[in-house]
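Number of protein chains: 2
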Amino acid sequence: MKPPIDFYFDFSSPYSYIASEWVDAVAARHGRAVHWHAILLGATFQAAELKSPVSHPIKREYSIRDFGRSARFAGLPYVMPGKFPIPTQNAARVFWWLHDTAAPERAVAWAHTGLRAYFTQGHDLSDAAVLRGVLTDAGIDVAAAEAAYTDPLWKDRLRRENDAAIAAGVFGAPFFIVDGEPFWGNDRRAQIEAWLAGQADFDHTLM
Amino acid sequence: MKPPIDFYFDFSSPYSYIASEWVDAVAARHGRAVHWHAILLGATFQAAELKSPVSHPIKREYSIRDFGRSARFAGLPYVMPGKFPIPTQNAARVFWWLHDTAAPERAVAWAHTGLRAYFTQGHDLSDAAVLRGVLTDAGIDVAAAEAAYTDPLWKDRLRRENDAAIAAGVFGAPFFIVDGEPFWGNDRRAQIEAWLAGQADFDHTLM
Numbered sequence: 004m005k006p007p008i009d010f011y012f013d014f015s016s017p018y019s020y021i022a023s024e025w026v027d028a029v030a031a032r033h034g035r036a037v038h039w040h041a042i043l044l045g046a047t048f049q050a051a052e053l054k055s056p057v058s059h060p061i062k063r064e065y066s067i068r069d070f071g072r073s074a075r076f077a078g079l080p081y082v083m084p085g086k087f088p089i090p091t092q093n094a095a096r097v098f099w100w101l102h103d104t105a106a107p108e109r110a111v112a113w114a115h116t117g118l119r120a121y122f123t124q125g126h127d128l129s130d131a132a133v134l135r136g137v138l139t140d141a142g143i144d145v146a147a148a149e150a151a152y153t154d155p156l157w158k159d160r161l162r163r164e165n166d167a168a169i170a171a172g173v174f175g176a177p178f179f180i181v182d183g184e185p186f187w188g189n190d191r192r193a194q195i196e197a198w199l200a201g202q203a204d205f206d207h208t209l210m
Numbered sequence: 004m005k006p007p008i009d010f011y012f013d014f015s016s017p018y019s020y021i022a023s024e025w026v027d028a029v030a031a032r033h034g035r036a037v038h039w040h041a042i043l044l045g046a047t048f049q050a051a052e053l054k055s056p057v058s059h060p061i062k063r064e065y066s067i068r069d070f071g072r073s074a075r076f077a078g079l080p081y082v083m084p085g086k087f088p089i090p091t092q093n094a095a096r097v098f099w100w101l102h103d104t105a106a107p108e109r110a111v112a113w114a115h116t117g118l119r120a121y122f123t124q125g126h127d128l129s130d131a132a133v134l135r136g137v138l139t140d141a142g143i144d145v146a147a148a149e150a151a152y153t154d155p156l157w158k159d160r161l162r163r164e165n166d167a168a169i170a171a172g173v174f175g176a177p178f179f180i181v182d183g184e185p186f187w188g189n190d191r192r193a194q195i196e197a198w199l200a201g202q203a204d205f206d207h208t209l210m
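Protein chains in written order, with my numbering: chain A, 4 to 210; chain B, 4 to 210.
Honestly, I wouldn't trust all of these hints.
What the hints assert, rightly or not - If you want the footprint, here are the derived chain A segments under chain B, 3+ residues with CB under 8 angstroms: (1) 91 to 103; (2) 176 to 190.
What the hints assert, rightly or not - Label-pair ranges, simulated between beta-carbon atoms: (3) A/T104 with B/A167: 18 to 24 angstroms; (4) A/P6 with B/E184: 38 to 44 angstroms; (5) B/A105 with A/A170: 51 to 57 angstroms; (6) A/E52 with B/A171: 23 to 29 angstroms.
Hints were generated in silico from the structure; no laboratory data involved. C-beta: ideal position from N, C-alpha, C; glycine also.
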């Protein structure tokens, strides 16, 4: 078995949503597993002195247009959430809580549910009542999830994941690390596929 | 004849160099012409409150790696210039001088020569002596070019092009406008091709 792909995402990242819908299938075609990492873009942006694309004049309008267009190009449903971006620490802590106490697959299932709820239904995951409904739909014990995301243990778990991501060179999302090679953005899919296929004109020779 | 594609580039943009090598061929396959626009990223960055990707910690190292990898993925030669980024107003003013006084095709030929000199040979276009050599290689009258790029007329021409680009929503490079639809980045090539082909699942229905 070849090394797994590390996949970093934020619940409030449209391009992460798009990538979340293909990353497992692409990896599986090349005999790879995927290690999913819920992170906070706010933390990586701070480390890299970046801001959300929608915080920049001119780029804001383009980005909102490109989110929906890129989803449509990938054949995915998409709605621009009314509130965007949103703080996602609670959704991300639930991810790590499920990852560590249930199974990584449960955490990935939650990632899909959360990303789809936000980007296809516009459900604001930063609103406790809305989050409760989405957790219920996902078949997750709501009281236990709420206890987890307010627990310093899981706050710290997420903080350490953010720190580890930054230390690994992650400055945005989605972000992929394959065999030590970093790829940023949903639009690096073709390069990732070429890398995984070991194409002769794009092999593991670095610049 | 369908409307031309507007293509905006900066002589110091690696992704512009990559896009410059495919944009005409892709457009021609779909019966489109390309209107090339030399602009200054510094001006668009200022308008959109952005900085060069290499001005950001963490993102800097990734970007330098990605420039070469993306060129290799496109099958193009690439060297990371020793001095990067560089001010490109003189090269851009020569572009507009050729565009207006000779022919747009002469300007495009200069764009290719300049981009290739910088990104495959590392020739610093911001150095007057180096620029002189590259202009000579391009078969351009060096004295006339130098007179042009120090002339307020061509300084103003470039300034107006920057302003017009910003007014059209351009905040980075390469940037493409096709039928009024904006596309940013070399990595939007697949979407541009789909747009030009009028694919049923990616037609001109906007979000």
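The hints, checked one at a time:
Note: the segment 91 to 103 of chain A has 0 residues with beta-carbon separation from chain B under 8 angstroms; the three-residue rule is not met and the coverage is violated. Check result for the segment 176 to 190 of chain A against chain B: holds, 4 residues qualifying (beta carbon to beta carbon below 8 angstroms, three or more required). The supplied range of 18 to 24 angstroms is broken by A/T104 and B/A167, whose beta-carbon atoms lie about 57 angstroms from each other. For the pair A/P6 and B/E184, the beta carbons lie near 39 angstroms from each other, so the given range of 38 to 44 angstroms is met.
Separation of B/A105 from A/A170 is about 53 angstroms and conforms to the stated range, judged on CB atoms against 51 to 57 angstroms. The supplied range of 23 to 29 angstroms is met by A/E52 and B/A171, whose beta-carbon atoms lie about 28 angstroms from each other.
Of the hints listed earlier, those the structure fails to meet are numbers 1 and 3, in rising order.
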